Amino acid sequence: MNREALIEGWQEYRRSPVAVVALVVVVAIALLALLAPWIAPQDPYDQSALDLMDARLEPGSVGSGEYVHLLGTDNAGRDLLSAILYGLRLSLSIAVTAGVVALVVGTAIGLSAAYYGGWFGAVAMRIVDLQLSLPAILLALVLVAMLGQGVPQLMAALVAAQYAYFARTAFGAASAERRKDYVEAALSTPLSGARVLWRHLLPNTLPPLIVVVTVQIATAISLEATLSFLGLGLPITRPSLGLLIANGFQFMLSGRYWISVYPGIALMVTVLAINLVGDQLRQVINPRRRR
Amino acid sequence: MTGFLLGRLAQAVLVMLVMSVLVFLGVYAIGNPIDVLIDPAATQAMRAAIIRQYGLDLPLWQQYGHFLGNILHGDFGNSFVFRIPVLSLILSRLPATLELTVLALLIAAVLGVPLGIWAGYRPEARSSRAIMAFSTLGFSVPTFWIGLLLILFFSVELRWLPSGGRGPVGPLGLSIWTPEGWSYLLLPALNLSLFKLGLLVRLVRAGTEEVMGSEHVRFARAQGLPESQVVGLHVLKNIGIPIVTVFGLEFGSTLAFAVVTETVFNWPGMGKLVIESITSLDRPVMVAYLILVVLLFVVINLFVELTYGFLDPRVRAR
Chain A
1 MNREALIEGW QEYRRSPVAV VALVVVVAIA LLALLAPWIA PQDPYDQSAL DLMDARLEPG
61 SVGSGEYVHL LGTDNAGRDL LSAILYGLRL SLSIAVTAGV VALVVGTAIG LSAAYYGGWF
121 GAVAMRIVDL QLSLPAILLA LVLVAMLGQG VPQLMAALVA AQYAYFARTA FGAASAERRK
181 DYVEAALSTP LSGARVLWRH LLPNTLPPLI VVVTVQIATA ISLEATLSFL GLGLPITRPS
241 LGLLIANGFQ FMLSGRYWIS VYPGIALMVT VLAINLVGDQ LRQVINPRRR R
Chain B
1 MTGFLLGRLA QAVLVMLVMS VLVFLGVYAI GNPIDVLIDP AATQAMRAAI IRQYGLDLPL
61 WQQYGHFLGN ILHGDFGNSF VFRIPVLSLI LSRLPATLEL TVLALLIAAV LGVPLGIWAG
121 YRPEARSSRA IMAFSTLGFS VPTFWIGLLL ILFFSVELRW LPSGGRGPVG PLGLSIWTPE
181 GWSYLLLPAL NLSLFKLGLL VRLVRAGTEE VMGSEHVRFA RAQGLPESQV VGLHVLKNIG
241 IPIVTVFGLE FGSTLAFAVV TETVFNWPGM GKLVIESITS LDRPVMVAYL ILVVLLFVVI
301 NLFVELTYGF LDPRVRAR
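So the sequence lines, in the order shown, correspond to chains A and B.
At position 37 of the first sequence the residue is numbered 37 (UniProt numbering), and the sequence of numbers has no breaks.
At position 25 of the second sequence the residue is numbered 25 (UniProt numbering), and the sequence of numbers has no breaks.
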């Protein structure tokens with residue numbers, strides 16, 4: 001992709017003010033997550049810093065740390081704002097890592113299936129299609145049940161549940177490119193097959209994959225939150241957003257809404273903003289929409 | 001047609017076999033069932049006896065053979081927790097999940113199709129943009145979080161509907177016979193439907209937009225048909241088939257997603273059972289649930305593919 005195409009793409013993207021706002025929100029959330037250790041009032045993972053006297057304080061009250069808990073505290077006395085920032089950091093890092101690994105694995109499978117074809121391509125894509133017919137939540141559930149709890153297990157489950165989307169997209173785009181004349185021309189030169197794959201097929205399959213990666217990162221955040229909510233994700237000592245929500249659920253019925261609601265809003269805004277960006281990217285990249 | 005049918009049938013059986021191997025290896029071989037089955041305080045002799053009783057001393061392929069043979073006889077073993085046959089345990093929870101899933105899909109269809117047609121019919125209208133924003137919200141926000149918000153709003157704030165559980169059960173194991181049963185059913189069904197609703201609105205809108213631009217709609221208008229007939233007859237007919245197909249496929253995934261909704265609303269269905277079985281390491285229940293769900297998916301996919309083959313000869317040739 002060259003500079004001009006990027007500028008043109010940006011101008012197309014800019015047409016939707018909602019998408020621009022969503023992009024700003026995504027960048028802001030990413031920054032907050034990155035800078036969490038420096039901007040959070042408290043380290044929520046440091047058990048010794050937690051004081052049970054501070055438990056379930058309402059938003060805006062001052063605890064034993066003598067600072068204002070803007071969003072209140074949870075049942076263990078964690079400052080909720082800090083817990084949300086750290087939770088975002090954890091949720092985002094898991095989702096982004098899983099998304100990128102799934103992108104690499106899935107693209108490799110999809111591209112080689114399109115390039116080599118034959119029985120290898122047929123079998124690989126048949127497996128991918130089979131997996132796509134099963135819902136991701138089910139696959140992730142099964143894998144977490146088999147592998148146990150923890151960050152690496154959770155990531156493995158997310159990658160296994162998501163790579164198929166990339167494989168299918170890469171396969172579709174690369175099969176269409178494979179038949180074009182320039183690829184035939186490149187293959188007729190003494191260039192190696194790997195080089196043709198890398199330099200010609202891959203760059204032309206990238207745009208649709210970028211759309212898929214944004215959507216899949218949003219899905220991964222949702223999935224991770226859902227699994228943690230179901231009690232199959234991460235341990236409570238390092239709460240992700242889903243676990244914070246699950247943890248606050250039991251206090252919701254007694255009117256202490258904030259423990260669950262604020263992490264939930266953070267989760268909702270994050271996923272929605274990423275999806276809106278993905279939607280607009282799809283519009284920009286979709287050749288039918290271009291005029 | 002017979003060749004096509006046999007080919008697809010063979011593929012479906014192969015898929016089931018592969019899945020059974022994966023589930024067997026995943027659940028029985030990776031984890032150690034002995035630790036779950038046997039009280040740590042048991043003596044060495046008791047351990048050996050139980051290991052022999054469950055056939056855990058046999059080579060892996062023989063264990064798999066037993067496992068497969070039992071399943072084919074409908075014997076999924078006994079639940080470690082409930083001490084009753086797994087199959088009847090799961091089937092006893094089936095009506096609860098089924099009524100939830102069917103109602104959720106009905107809500108999604110009844111709301112989603114008209115909204116989607118409207119959004120596709122007037123794509124630039126303010127109301128259409130609002131519908132599309134709502135649909136993005138519907139499938140962006142995790143189901144469990146919407147469920148919590150529904151409880152917070154309708155149960156805690158307004159006190160209109162109960163926050164969880166299931167009403168009195170009548171004939172066929174369903175709870176739809178009494179108003180009280182409905183009061184419990186409504187919120188979880190709404191919760192489960194929102195994701196599908198978002199999806200369906202998008203699908204119907206895309207279909208409507210495409211059909212509205214086509215020749216035959218222009219021709220129908222040129223004939224002087226009223227708009228209501230153009231949309232009601234020509235558009236609906238043309239988007240009907242793909243919608244029904246996708247909905248057939250979505251039935252299975254809604255059933256799987258019920259896991260989340262059932263946990264949030266404490267709904268005593270299959271999904272809640274499987275989550276409990278995972279946390280309590282009740283392996284036979286996990287295995288049976290997985291095999292049954294995969295079987296359901298394979299059957300639905302097979303059915304859809306056969307329908308395609310029946311409708312479109314080109315599919316058969318492939």
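Don't read these hints as lab results, they were simulated from the structure.
Do not rely on the hints blindly, as some may be mistaken.
Said to hold, decoys possible - Cβ-to-Cβ under 7 Å is the rule here; a few derived chain B residues that face chain A:
| no. | residue |
| --- | --- |
| 1 | Val141 |
| 2 | Asn301 |
| 3 | Leu302 |
Given the structure is predicted, the values throughout are model-derived calculations rather than measurements.
Cβ atoms here follow ideal geometry from the backbone N, Cα and C, with glycine treated the same way.
For each hint, the structure was consulted:
1. Val141: Nearest chain A Cβ about 5 Å off; hint holds.
2. Asn301: holds, 6 Å
3. Leu302: violated, 11 Å
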